[in-house]
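Engineer: Going down the list, the sequences are from chains A and B.
Here the numbering used here = 1-based position in the first sequence + 211.
Here the numbering used here = 1-based position in the second sequence + 211.
The set of hints was computed from the structure by calculation and includes no laboratory data.
No copy is singled out in the list; a pair is fine if it fits within one copy or between any two copies.
PhoX-like mimics (lysine-lysine), calculated; alpha carbons at most 20 Å apart, straight line:
| # | residue 1 | residue 2 |
| --- | --- | --- |
| 1 | Lys358 | Lys535 |
| 2 | Lys635 | Lys604 |
| 3 | Lys552 | Lys238 |
| 4 | Lys358 | Lys238 |
| 5 | Lys358 | Lys547 |
2 protein chains.
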Amino acid sequence: MAGKSIGIGLMGLGVVAGQVAMVLQEKADTLAEKAGCPLVLRRVKVLPEDLARPQAKKMPAGLLTTDDDEFFGERGIDIVVEAIGGENPAYEYLKRALSGGKHVVTSNKEVIAKHGVELLGLARKHGVGLQYEASVGGGIPLIAPFKHDLVANDISGIFAIINGTTNYILSRMAREGIDFAAALKQAQKLGYAEANPVNDIEGIDANYKLAIMATLAFQTRVRPEDIYREGISRIEARDFRYARELGFTIKLLAIAKQCDASIEARVHPVFIPSDSFLAKVEGVYNAIQVEGDLVGKVLFMGEGAGARPTSSAVIADIVSSARKIILGIGSVSTWKAASGKTIKPIDAIVTQYYVRLSAADRPGVLAQIATIFGNNKISISSAIQPESESRTKTAEIVIMTHPAREKAVQKALRELESLEAVKKIANCIRVEDIEGG
Amino acid sequence: MAGKSIGIGLMGLGVVAGQVAMVLQEKADTLAEKAGCPLVLRRVKVLPEDLARPQAKKMPAGLLTTDDDEFFGERGIDIVVEAIGGENPAYEYLKRALSGGKHVVTSNKEVIAKHGVELLGLARKHGVGLQYEASVGGGIPLIAPFKHDLVANDISGIFAIINGTTNYILSRMAREGIDFAAALKQAQKLGYAEANPVNDIEGIDANYKLAIMATLAFQTRVRPEDIYREGISRIEARDFRYARELGFTIKLLAIAKQCDASIEARVHPVFIPSDSFLAKVEGVYNAIQVEGDLVGKVLFMGEGAGARPTSSAVIADIVSSARKIILGIGSVSTWKAASGKTIKPIDAIVTQYYVRLSAADRPGVLAQIATIFGNNKISISSAIQPESESRTKTAEIVIMTHPAREKAVQKALRELESLEAVKKIANCIRVEDIEGG
Chain A
212 MAGKSIGIGL MGLGVVAGQV AMVLQEKADT LAEKAGCPLV LRRVKVLPED
262 LARPQAKKMP AGLLTTDDDE FFGERGIDIV VEAIGGENPA YEYLKRALSG
312 GKHVVTSNKE VIAKHGVELL GLARKHGVGL QYEASVGGGI PLIAPFKHDL
362 VANDISGIFA IINGTTNYIL SRMAREGIDF AAALKQAQKL GYAEANPVND
412 IEGIDANYKL AIMATLAFQT RVRPEDIYRE GISRIEARDF RYARELGFTI
462 KLLAIAKQCD ASIEARVHPV FIPSDSFLAK VEGVYNAIQV EGDLVGKVLF
512 MGEGAGARPT SSAVIADIVS SARKIILGIG SVSTWKAASG KTIKPIDAIV
562 TQYYVRLSAA DRPGVLAQIA TIFGNNKISI SSAIQPESES RTKTAEIVIM
612 THPAREKAVQ KALRELESLE AVKKIANCIR VEDIEGG
Chain B
212 MAGKSIGIGL MGLGVVAGQV AMVLQEKADT LAEKAGCPLV LRRVKVLPED
262 LARPQAKKMP AGLLTTDDDE FFGERGIDIV VEAIGGENPA YEYLKRALSG
312 GKHVVTSNKE VIAKHGVELL GLARKHGVGL QYEASVGGGI PLIAPFKHDL
362 VANDISGIFA IINGTTNYIL SRMAREGIDF AAALKQAQKL GYAEANPVND
412 IEGIDANYKL AIMATLAFQT RVRPEDIYRE GISRIEARDF RYARELGFTI
462 KLLAIAKQCD ASIEARVHPV FIPSDSFLAK VEGVYNAIQV EGDLVGKVLF
512 MGEGAGARPT SSAVIADIVS SARKIILGIG SVSTWKAASG KTIKPIDAIV
562 TQYYVRLSAA DRPGVLAQIA TIFGNNKISI SSAIQPESES RTKTAEIVIM
612 THPAREKAVQ KALRELESLE AVKKIANCIR VEDIEGG
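Using the sequences plus the hints, can you model the full thing?
Structural biologist: Here is the structure:
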């Protein structure tokens, strides 16, 4: 391949794109050796407002263009690297790149979660590769294991702390006993949460990432809207207190399980045993536990976001695309929908539940509550009444159930709410009896 | 590729080979889909004594052969899977397979640690692949990350709990306060340690695995004999007690670090902070923390041994070899020795030390000891004298040093030993100030 080089076209000039451009430049020699030939940045597609960014100033001026046609018309580009983020216009750009016979590397979780299967089909049709390792978990290898390393396994479960912002907030709440609002404010102050944190705290980001992993792991199309989703904003300091007393901690988990012919996929806060490995993952770290029939439990952990870790995955995908181009390989995706697997509705799942409610502090109330659980065929494993406030004659009651069907629990909660003695269902959190490492 | 199939020749019929054969059979359909064509077991090379094993009984009799020439003469074999273990005759078999133009998959850590670089060269020469993911860490992806996922990184450190037997023994000692001999006996009873445990407890197994990972990560040939090695048999229950009091636990770590132009590579017991992630890895689990300039810290954890996890990696390598054969790709190894990196001798490393010794219980002794440390330019961070036995007038003294050079510490220990007041240097354990996750 002497004399040849691979041309890169970069889309976007945010922190990730800027970092990718810098690494391509600074590590040009070692990357050329690893890829098999030099990787040359040929063009960078930016928005007019990007031109004022510090990253733009560091770029040779001739590389930058704000014009789509100019970018896609550049004949020297072999690999298009998309680091714009968001659904549009990235989605249109990816289709245009693939249709134009370019190999594509993307860090875009939203586009892959929503349109990944279609884009893989398009890549196959045009004989090019579509790589998206950076779309999930920053630099932690999470796509490659499903595509390659764990390929011999029937995957039975994925349990993932896959959003650093929420894990940071929950870690501080757990450690310091502070409330959600205070922890969020701290996270924002330190740059771990955005000014508008809704994508993180409502589990939308985790939802996209789970859709991508579950689609790969189970060879079944799992769309973001197929995944039940609940955020962390309802969790209070006292939920952590009770969790600890009961031997648990609270994490936002993205869970996907295969049972029989159906798949469970959900993102919500869970009680997990405090001696489990995932319980020990603190701060902005991500950790993904995968269970397979041969491999048993494997866990992958690291920084799940940030420009540098994300660039690690983007560059690895670029190198791998370059190697394929040199070897003359086009699309190698083997993704195919396995037939007959359906997504189980949340109503049908069976798990344990933690329920915290406030009720009138008088004899007989607990019996009324227990009766409702019993009528709905939900066994109670423990009921504690840790606090009562004499002024308002209100008692707090915490109930842990045995495994029960979600539908029955939701019905019981509605019935409890209508009881005169029950003032408020303060929280209901599912319990995931994940084993320790 | 309709009508075509890939032929597998299996060498060995131990538990791993038996498991691989079973998976190839039971998952034939899904593996064919993932590989791109059927994977057919064509021949199994066994020893005469293997014929009596239960695995042999399950195999179609026509597949088994005890004859080398018959096995290597079989034209239908595309991929040779070696699961014999040990250096010989496996090494000769691998050379013969590669020279005969067969792709090779092996789980053999000893052969790869000792001869991997040479065998990769042979594979390149004959245009075939050599894959060895199963040689390190069972089903945990530990070779692929260095070859692919982390390729953009300059790796600065590898910190690995890579031997399940020793981690099981140390976990029990930590938790139950029992002595090494008792913990070893328990491990043997449960099948976690062999009757002759020397390969595990003396760190030989970990040494091979570190040699493989370090060679890949640093693109420098790191031979088993380049790696300083110390086992765990000298650790006593009281070392765990002091470790805990000082905020540490004890693990057998395989450590490889890159600093300047040289590489540190060593396997020995270490004190690590008890709030670090590796400290929380218990029982037979393996965990490998890798540090790279872009990715930061990533951790891979899982069962590092056993037939099923190991078969997960072997089959993944078979599938990947098959995909390459179908695509017409030969050798893709990009391993190349990076110039100018040397292995630092253990004498030259700088770290902190825990030293436990027994000395005469009388005034002035601690001063004598401290003087020797001082003369060797070793700063003491703490010295405690937790126990003294009045009958023998012996005091136990525990010293923690600031970072010091190994050579100076060894010299100080020899001088201490020659002191009349010092009865015995009971232990000296290095401290690795690995950060928490």
